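Asker: Please work from the sequences and hints to get the whole structure.
In case you want the letters, here they are:
Protein chains: 2
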Amino acid sequence: MAKKITIDNLAVLEQIIDTASNNFDLKEILAKIVEIIGKITKADSCFIYLISNDQVILKASLKSHHGNLSKIKMKLGEGITGWVAENKKTVVIKSKAYQDKRFKLFTNLPEDKFEGFLSVPIIFRNRVIGVINVQHQKTRSYSKTEISFLETIGKQIGGILEVSRLITETDVLHEALATQKIINQAKAILMKSAQLDEDAAHRLLLKKSMDKRKSLKEVAEAIILAQDLTK
Amino acid sequence: MAKKITIDNLAVLEQIIDTASNNFDLKEILAKIVEIIGKITKADSCFIYLISNDQVILKASLKSHHGNLSKIKMKLGEGITGWVAENKKTVVIKSKAYQDKRFKLFTNLPEDKFEGFLSVPIIFRNRVIGVINVQHQKTRSYSKTEISFLETIGKQIGGILEVSRLITETDVLHEALATQKIINQAKAILMKSAQLDEDAAHRLLLKKSMDKRKSLKEVAEAIILAQDLTK
Chain A
1 MAKKITIDNL AVLEQIIDTA SNNFDLKEIL AKIVEIIGKI TKADSCFIYL ISNDQVILKA
61 SLKSHHGNLS KIKMKLGEGI TGWVAENKKT VVIKSKAYQD KRFKLFTNLP EDKFEGFLSV
121 PIIFRNRVIG VINVQHQKTR SYSKTEISFL ETIGKQIGGI LEVSRLITET DVLHEALATQ
181 KIINQAKAIL MKSAQLDEDA AHRLLLKKSM DKRKSLKEVA EAIILAQDLT K
Chain B
1 MAKKITIDNL AVLEQIIDTA SNNFDLKEIL AKIVEIIGKI TKADSCFIYL ISNDQVILKA
61 SLKSHHGNLS KIKMKLGEGI TGWVAENKKT VVIKSKAYQD KRFKLFTNLP EDKFEGFLSV
121 PIIFRNRVIG VINVQHQKTR SYSKTEISFL ETIGKQIGGI LEVSRLITET DVLHEALATQ
181 KIINQAKAIL MKSAQLDEDA AHRLLLKKSM DKRKSLKEVA EAIILAQDLT K
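Chain order of the listed sequences is A and B. If you read the first sequence in our numbering, its first letter stands for residue 1, the second for the next number, and so on. If you read the second sequence in our numbering, its first letter stands for residue 1, the second for the next number, and so on.
Keep in mind the hints are simulated off the structure, nothing from the lab. Please read these numbers as outputs of a predicted model, since none were measured by experiment. Treat the hints with care, since some could be wrong.
What the hints assert, rightly or not - In silico BS3-like cross-links for lysine-lysine, where the CA-CA straight-line distance does not exceed 25 Å:
#1 B:K113 / B:K42
#2 A:K217 / B:K212
#3 A:K89 / A:K73
#4 B:K71 / B:K27
#5 B:K181 / A:K208
#6 A:K181 / B:K32
#7 B:K192 / B:K212
#8 A:K217 / B:K192
#9 A:K192 / B:K217
#10 A:K192 / B:K207
#11 A:K192 / B:K27
#12 A:K96 / A:K138
#13 B:K42 / A:K181
#14 B:K89 / B:K75
#15 B:K73 / B:K32
#16 A:K181 / B:K208
Answerer: Below, the structure is given as structure tokens:
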């Protein structure tokens with residue numbers, strides 16, 4: 001039996017690695033991973049939460065009927081999930097998770113309704129960046145192997161989430177750099193043509209942006225285009 | 001026996017995941033992974049190469065006596081390693097790898113001296129970003145399980161390398177954004193104080209930078225400081 005579990009676990013890790021390697025969409029990757037975890041733990045419910053600005057936000061759920069996932073969120077330290085996120089420690093509750101005195105209870109939060117509750121941190125480079133919850137409607141013992149394997153999955157998901165966050169961050173930074181160049185070009189045009197200093201040119205750009213309800217970048221592009229046309 | 005291998009493989013993946021999760025230094029992570037691969041394949045030699053600008057560059061080696069790893073590099077398509085990098089396909093050679101006619105031979109390249117040769121692509125999101133080589137001095141059969149497991153490790157390393165590359169890229173972009181702000185501030189000061197247009201201010205900054213053998217950022221910082229002092 002122990003060997004059986006171990007061999008399945010290898011297949012599970014290989015599946016997760018494959019999923020992350022072949023997929024471009026984080027939502028799809030997390031949905032697939034939640035499904036895999038749900039299957040191996042025979043969970044009634046499985047959630048993946050991501051920490052963002054001191055909030056723990058639901059990102060993937062076994063049940064597809066959760067419409068807007070991101071609406072389900074809690075503060076660091078709140079609830080079982082928030083406790084795991086804050087303390088970087090796994091929580092294992094065999095039964096009556098909803099009565100556990102250490103944790104504040106929520107209404108309408110999915111974690112209130114279960115007996116068995118296994119909650120492990122998602123870790124990247126020693127930082128908690130999310131939480132995986134596995135929940136059972138009936139009393140459920142979690143084995144040491146099971147807990148430690150879910151912690152390994154937590155580390156694996158940590159790397160996956162970090163790649164995804166970094167891809168978004170580099171996109172934003174590339175865009176910011178390009179925007180800054182355009183805005184500076186427009187400012188230089190205003191400084192020269194209207195004999196303004198930098199502050200005044202900046203304020204003029206801001207004002208145009210507000211008046212026209214356009215982004216700073218769009219206003220700046222218009223100024224550069226106008227300048228090109230009059231050359 | 002098959003079960004034994006499978007269980008070891010799970011432990012191996014867990015070790016690699018742990019290594020990547022707990023370590024901050026890519027060199028250390030790759031050194032550890034090369035060591036793990038060397039151990040499970042009983043390799044005489046194991047290398048991890050990274051693709052950068054159409055070159056395949058050695059990044060980690062089982063033997064610590066390779067002084068400057070990055071000196072060992074080849075072009076995409078050159079050698080067995082370059083072929084794997086270009087074709088995104090695994091190469092398995094049981095014996096006389098050095099005589100394989102498909103591949104151009106190199107002098108002083110570590111891949112010339114082995115009989116058994118297993119070379120698998122490191123993949124992230126369907127792109128090859130590196131190559132893992134496992135080499136044996138004696139004739140060596142590689143099993144299907146072994147090959148497919150090394151391909152899984154290749155995908156796992158793909159994620160690790162990508163995180164690392166993205167962390168470097170975001171650092172560079174943050175720095176570029178900060179530098180651009182400082183340079184623009186300095187340009188604005190020059191435009192106002194010396195009545196220059198933007199091009200002329202830019203040329204003046206470049207000239208000062210070359211004359212003083214300082215970076216553009218350092219020159220810009222000096223101009224801003226001087227301005228602050230005369231306020």
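Asker: Would you mind marking each hint as holding or not holding in the structure?
Answerer: Hint check results:
At most 25 Å may separate the alpha-carbon atoms for a hinted pair to count; B:K113 and B:K42 meet this at roughly 17 Å. Taken as a hint, the A:K217 and B:K212 pair is broken in the structure, with Cα atoms around 35 Å apart against an allowance of 25 Å. With a C-alpha separation of about 19 Å, the suggested pairing of A:K89 with A:K73 holds against the 25 Å cut-off. A C-alpha spacing of about 15 Å is found between B:K71 and B:K27, which places the hinted pair at or below 25 Å, so the restraint holds.
About 22 Å separates the Cα atoms of B:K181 and A:K208, which keeps this hinted pair within 25 Å; it holds. For the hint linking A:K181 to B:K32, the alpha-carbon distance of about 42 Å lies beyond 25 Å, and the restraint is violated. Of the pairs offered as hints, the one joining B:K192 and B:K212 holds, with about 23 Å between alpha carbons and a cut-off of 25 Å not exceeded. Between the alpha carbons of A:K217 and B:K192 the distance comes to roughly 24 Å, so the proposed pair stays at or under 25 Å and holds.
A threshold of 25 Å between alpha carbons decides the hint, and for A:K192 with B:K217 the separation of about 24 Å falls inside it, so the pair holds. For the hint pairing A:K192 with B:K207, the CA-to-CA distance comes to about 22 Å; that is within 25 Å, so the pair holds. About 50 Å separates the Cα atoms of A:K192 and B:K27, which puts this hinted pair outside 25 Å; it is violated. Simply put, A:K96 and A:K138 have alpha-carbon atoms about 9 Å apart, close enough for the 25 Å limit, and the pair holds.
Using a Cα cut-off of 25 Å, the hinted pair B:K42 and A:K181 is violated, with the two alpha carbons roughly 54 Å apart. Taking the CA atoms of B:K89 and B:K75, the gap is near 16 Å; set against the 25 Å cutoff, the hint holds. With a C-alpha separation of about 21 Å, the suggested pairing of B:K73 with B:K32 holds against the 25 Å cut-off. Between the alpha carbons of A:K181 and B:K208 the distance comes to roughly 22 Å, so the proposed pair stays at or under 25 Å and holds.
Checked against the numbered hints given earlier, this structure breaks hints 2, 6, 11 and 13; the rest are met.
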